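Going down the list, the sequences are from chains A and B.
In terms of numbering that gives the first Met the number 0, the first sequence has 104 at position 105, counting the first letter as 1, and numbering is strictly consecutive.
In terms of numbering that gives the first Met the number 0, the second sequence has 1 at position 2, counting the first letter as 1, and numbering is strictly consecutive.
Check before you lean on any hint, since a few could be wrong.
Label-pair restraints from in silico Cβ distances [to be verified]:
hint, chain 1, residue 1, chain 2, residue 2, range
1, B, L114, A, R7, 22 to 28 Å
2, A, S145, B, E97, 35 to 41 Å
3, B, D99, A, R7, 19 to 25 Å
4, A, A75, B, S77, 18 to 24 Å
5, B, G111, A, I89, 27 to 33 Å
6, A, A134, B, S55, 41 to 47 Å
7, B, S149, A, Q83, 19 to 25 Å
8, A, P131, B, S55, 44 to 50 Å
9, B, A157, A, Q83, 42 to 48 Å
10, A, T80, B, A153, 38 to 44 Å
11, A, S100, B, A107, 43 to 49 Å
12, A, T169, B, K131, 33 to 39 Å
13, A, Q83, B, P98, 28 to 34 Å
Keep in mind the hints are simulated off the structure, nothing from the lab.
Remember, predicted model here, so these are calculated numbers, not experimental data.
Every residue gets a Cβ at the ideal spot worked out from N, C-alpha and C, and that includes glycine.
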Amino acid sequence: MDEDVVARRIHAAFAAVSPPTAALRSEHHPRRSTAAIVVLSSIALFAIVVLGAVAVWLNSPCPPGIGCALAPPTLAPESITREQAIAAAIRQAPSSMTDPSVDWATAGQNPFEPHSSTPVWLVRLKGSGKLPTCAPGYVDRIPSPSDAPCLDNDLGKAPYGLVVVLDPLTGDLLGWGR
Amino acid sequence: MAVVGTHSAAAEPAFAEFFEATHGDVFRAVLVVARDWHVAEDATATAYLRAWERWSNVGGYPSPVAWVIRVAMNDSVSFWRRARRLVGELRPNLPGGEPDFPDPDVRAAVDGLPLRQRQAIALRVVLGCDAKETAAILGIAPGTVGVHLSRALAGCRATLTPTNRSTETEGENDG
Numbered sequence: 000m001d002e003d004v005v006a007r008r009i010h011a012a013f014a015a016v017s018p019p020t021a022a023l024r025s026e027h028h029p030r031r032s033t034a035a036i037v038v039l040s041s042i043a044l045f046a047i048v049v050l051g052a053v054a055v056w057l058n059s060p061c062p063p064g065i066g067c068a069l070a071p072p073t074l075a076p077e078s079i080t081r082e083q084a085i086a087a088a089i090r091q092a093p094s095s096m097t098d099p100s101v102d103w104a105t106a107g108q109n110p111f112e113p114h115s116s117t118p119v120w121l122v123r124l125k126g127s128g129k130l131p132t133c134a135p136g137y138v139d140r141i142p143s144p145s146d147a148p149c150l151d152n153d154l155g156k157a158p159y160g161l162v163v164v165l166d167p168l169t170g171d172l173l174g175w176g177r
Numbered sequence: 000m001a002v003v004g005t006h007s008a009a010a011e012p013a014f015a016e017f018f019e020a021t022h023g024d025v026f027r028a029v030l031v032v033a034r035d036w037h038v039a040e041d042a043t044a045t046a047y048l049r050a051w052e053r054w055s056n057v058g059g060y061p062s063p064v065a066w067v068i069r070v071a072m073n074d075s076v077s078f079w080r081r082a083r084r085l086v087g088e089l090r091p092n093l094p095g096g097e098p099d100f101p102d103p104d105v106r107a108a109v110d111g112l113p114l115r116q117r118q119a120i121a122l123r124v125v126l127g128c129d130a131k132e133t134a135a136i137l138g139i140a141p142g143t144v145g146v147h148l149s150r151a152l153a154g155c156r157a158t159l160t161p162t163n164r165s166t167e168t169e170g171e172n173d174g
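Okay, chain A solo, but in the shape it has when bound (with noise of 0.2 Å):
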């Protein structure tokens, strides 16, 4: 069996799960009182979402989906722009980096708050110089902010580099990740 075979039977089994409906969480048992409190709320969400979705349904031809449509995840207004975070990375780079230059730069989830749903900005610069290369391994585990800087290859299809993680508001650096 090869992998897209496996990739195609993970699909149809979790595609064919039906998600919990109103009737499942009333059901729900009650051994977590933390989440009573959630269900409850999400119970009295639910109401509101019927009646407002019958009458949306109705009115629409082609409900959105997933799709996957997903953009990255957008920034507060506040934040500095892309531009900005791509010059603060540059700025930023390690002086052992020799002619560091932008390979993509989007906002992300910051990889050193994995809990935390405030993106970050995330810039991978392309280099080369007197910087380590990541010890094997190094795509199992979380990165730290306290990790020194050091050049993943991507999977081995992009030049050598490392991701800059910057403050969202004001482009500090709070660390490398790959």
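Guided by the hints, dock chain B onto chain A, whose structure is given.
Using the frame of chain A, we list chain B on its own:
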């Protein structure tokens, strides 16, 4: 107590349409990451509640669903970690089962993957996001997404292959 904030009635149809169109896919993706039906349900509901409370902002984002997915995935992990700290290894014995999963072998294979690999499966395979979209949501490089996905699929293949031996040609041996 006003759970739903002070939104105008005009905002309700837009949110309702958004919820109806996306909550199924969001729940399935979070289920992959959470590995627990009830945790996924709670995390998904919580994320939509947060979206509703902030709908005047979130509704204007280019992709509100990306925001909901990130919040739900993060919440599922933190909730699961809190729960795991409290109940230790008792999870399989807790009351309140979940609906039968259509393909238990797939579920077991995916559940056995590390967090990042499950996130890659959730976004790339279950939702069909491309590498760049997935990378933006997870805050990692697109190439790293590819690495996680490749390892995830290889891991699942290794787990699933023995169960298929009886239906595949006898000469196959992919290690």
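Hints, one by one, checked against the model:
A hinted range of 22 to 28 Å for the beta carbons of L114 of chain B and R7 of chain A is consistent with their spacing of about 23 Å. Checking the proposed 35 to 41 Å range against S145 of chain A and E97 of chain B shows it holds: the Cβ atoms sit about 40 Å from each other. Remark: the range hint 19 to 25 Å for D99 of chain B to R7 of chain A is upheld by a beta-carbon distance near 21 Å. The given range of 18 to 24 Å is respected by A75 of chain A and S77 of chain B, whose C-beta atoms sit roughly 22 Å from each other.
For the pair G111 of chain B and I89 of chain A, the beta carbons lie near 42 Å from each other, so the given range of 27 to 33 Å is not met. Roughly 45 Å separates the CB atoms of A134 of chain A and S55 of chain B, a value that falls within the hinted 41 to 47 Å. In this structure the hint that S149 of chain B and Q83 of chain A lie 19 to 25 Å apart at CB is violated, the actual value being about 35 Å. Restraint check, P131 of chain A to S55 of chain B: a C-beta distance of roughly 47 Å satisfies the suggested window 44 to 50 Å.
Range check, A157 of chain B to Q83 of chain A: about 46 Å between beta-carbon atoms, so the 42 to 48 Å window is met. The hinted range of 38 to 44 Å is satisfied by T80 of chain A and A153 of chain B, whose Cβ atoms lie roughly 40 Å apart. Checked against the given bound of 43 to 49 Å, the beta carbons of S100 of chain A and A107 of chain B, roughly 45 Å apart, stay inside it. For the hinted restraint 33 to 39 Å between T169 of chain A and K131 of chain B, the CB-CB distance of approximately 26 Å leaves it violated.
A hinted range of 28 to 34 Å is violated for the C-beta pair Q83 of chain A and P98 of chain B, which are about 49 Å apart.
This entry does not satisfy hints 5, 7, 12, 13, going by the numbered hints stated previously.
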